[in-house]
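A.B. asks: So you can see what is in the structure, the chains are spelled out below.
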Amino acid sequence: MRLTLPVTFGATVVLLASACGGGPEPIPLTDPDSLAAAEQVRRDSVASEQAVRDSVTRVQAEERVRVRRQQEARQDSIMRIQQETAAVTEMLSSRIHFDFDRSEIKPEYVSVLDAKIAILRANPMLMIEIVGHCDERGSDEYNIALGNRRAIGAKQYMVDRGVSAERISTRSMGESQPLVMGSNEEAWAQNRRDQFTITAGGDGLVQPGI
Amino acid sequence: MILFLLIQASVVQAAYSQGNRALDRGVRVGITYAPGTLPGLLILDGERGSFVDSVRAILQRDLDYSDLFELILLFGGDHLTSGPGQGSGPPASDGLPAVVNYQLYAALGAQFAVDVVSHGDSGVSVTLYDVLGETVRTELHIPNQEVGDARFRTTVHSVADEVVLGAAGTPGIASSQVLFVRDGRLYRVDSDGANITEMATQGRVYSPVWHPDGLSFAYVNFPGDSRIRVASAEGGFGNPDIVVAPADGVQDFAPSFSPNGAMMVFARASRTGTDIYSYDLADDCCLQRLTVCQFSDNLSPTYSPDGRQIAFVSTRAGQPQIYVMASEGTGQELFAPFDFGVTGSSFAPEWSPDGLNVAFHRDVEGSTQVFVMDVASRSVRQLTSAGRNEDPTWAPDGRHLAYVSSRAGSNQIWIIDIETGRIRQLTRMGKVRLPAWSSRQSGSVL
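Line order of the protein sequences matches chains B and Z. Residue 128 in the numbering used here sits at position 128 of the first sequence; the count goes up by one each step and never skips. Residue 415 in the numbering used here sits at position 415 of the second sequence; the count goes up by one each step and never skips.
Looking at chain B on its own, in the form it has when it is part of the complex (with noise of 0.2 Å):
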């Protein structure tokens, strides 16, 4: 009898002691005073193991609050950025409007198109083209003409400002491309006029400083 009972807390502790894997090295049990001890070691091995597993799960927990904020925080910036660039381009893209068969620049429109300078300034990268067009009015051929004329006007303008020519291009649309149908006052003042298209730079765009 006396043998058998140390062998089977032996194999007790030997079995908590794998349980654990990692835990201190099982203590060979030669009397019953070490049972005791054997039963501390396993207590302490549990509340060890717990105050890991909480650890973990509250780094986790925290780890995931940080990505989530990150995320949120580059989402938000992704927004505010593509807002502003919205923003940037809609500004860039507002038409200006010409007299019949004219091609010089209204009043009403300079501070349309020193806005696009501003823009231009503050996005060095940006490249536009300006496409000037014309009503249905004149002939065929010389509103290809007088779009072009519309069209470089508005580029004069914005390099005799300091805007660096190349990074504006030209063209023509001629009387093809009419904003409105119609052929009354109304529609013809629409339709002579220039767009704004961005060619290149225009990811990111931002406003510019007042």
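Derived from the structure by calculation, the hints contain no laboratory data. These numbers come from a predicted model, not from an experiment. From the three backbone atoms N, C-alpha and C, an ideal C-beta is built for every residue, glycine too. Worth double-checking, as some hints may not be accurate.
As the list claims (entries may be wrong) - Covered by chain Z, per the in silico footprint, the following chain B stretches (three or more residues, Cβ under 8 Å):
no., stretch
1, 149-158
2, 161-174
3, 192-198
Unchecked claim - Only part of the chain B face toward chain Z is listed, based on derived beta-carbon distances under 8 Å:
no., residue
4, Asp101
5, Tyr109
6, Glu141
7, Ile144
8, Ala145
Claimed, not checked - Residues from chain Z that keep clear of chain B, each with C-beta distances beyond 10 Å, as calculated:
no., residue
9, Val243
10, Val342
11, Thr368
Chain B is already provided as a structure; the job is to place chain Z on it using the hints.
C.D. replies: Below, chain Z alone, put in the same frame as chain B:
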């Protein structure tokens, strides 16, 4: 038979009462005209048949559209040349010699008579008689062929041109064709409005113009790459040639060939404005800028038929007006006179093939009308007044102009004879623009 008797009666009357035109009403059917202004041309009726009828109908229309004759038409069963007699005409299908009753034709007011006679399987003959000289002027043969075939119409148009040449001494325009643009596509149409064919081109077409040989044409792909291309008019359009080397940031348009086809002038829109350039097509070289105006545009060049001068549009005085220069670019001056601030803007000049006139369109009181300037006197005459009328282009005879008109509602091509003012509608498909009339050779098969 009844008609024949009527004719006989009126001939007798006419012989005895010169100048009493009321009596002629019995024989002149179809076209009302003022006698004495143009030579009368009698189109003889004859036997029926789908082929001979088609030839006669097309021929009759072509001769009418030449505006060189007063057509005298005779309807009815009996043929004026049929029956026994001692005429000098060609044998009819029954093998009997036809009667050519010159005295009768002369009494009807005809100086010329045209007879279309069927010869069974071998086709039809077309004979032009000189009524006063009592001789045959021209005799042509048209072999039997499919009436629906476009080549058939072309053949009859060519015969009509030969008849006009025989009678009037100047070739007709029936076999010429007109290019025009509709919704960015290019079409051609025979001078009588038939046989509309879409041409294979690259991109949306602008500024079409015939080569003087009538076998090819130039156009611009606008607003695509704005390059000038030349393509064959008879197929083989796979890869039309870009004739002027591309340059960055420019748009080329409004090409025009020199009369010998060796040179091309065109307008180029660039960062400095629009100017006229010439290019040597024969040697494929030597791009030359002919106008240099920093603050004005120059465009729509057109050669004089001797190739020595170029008329063009310029805004150098503010509004667009018609100017002229030597073909090398020297001696630039105002061509069509205008009153500053009064006369409307002027556009799209085209020099007539005989060199006598320049046609263009000009703004008039909120509309646009076609004008012709006499080159010698530089006097300007307004030709149209109903609706908007623009982009005139000369027929090879130098007296007919095709132009775009809104007079019937939508934009159509109309043709005006500048001598008589007579107009006719060429297209009926709407929204057409930019017509370009070919030289005589276009489509000719004779």
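A.B. asks: List in ascending order the numbers of the hints, as given earlier, that are violated by the structure.
C.D. replies: Of the numbered hints given earlier, those the structure breaks are 3, 5 and 11, listed in rising order.
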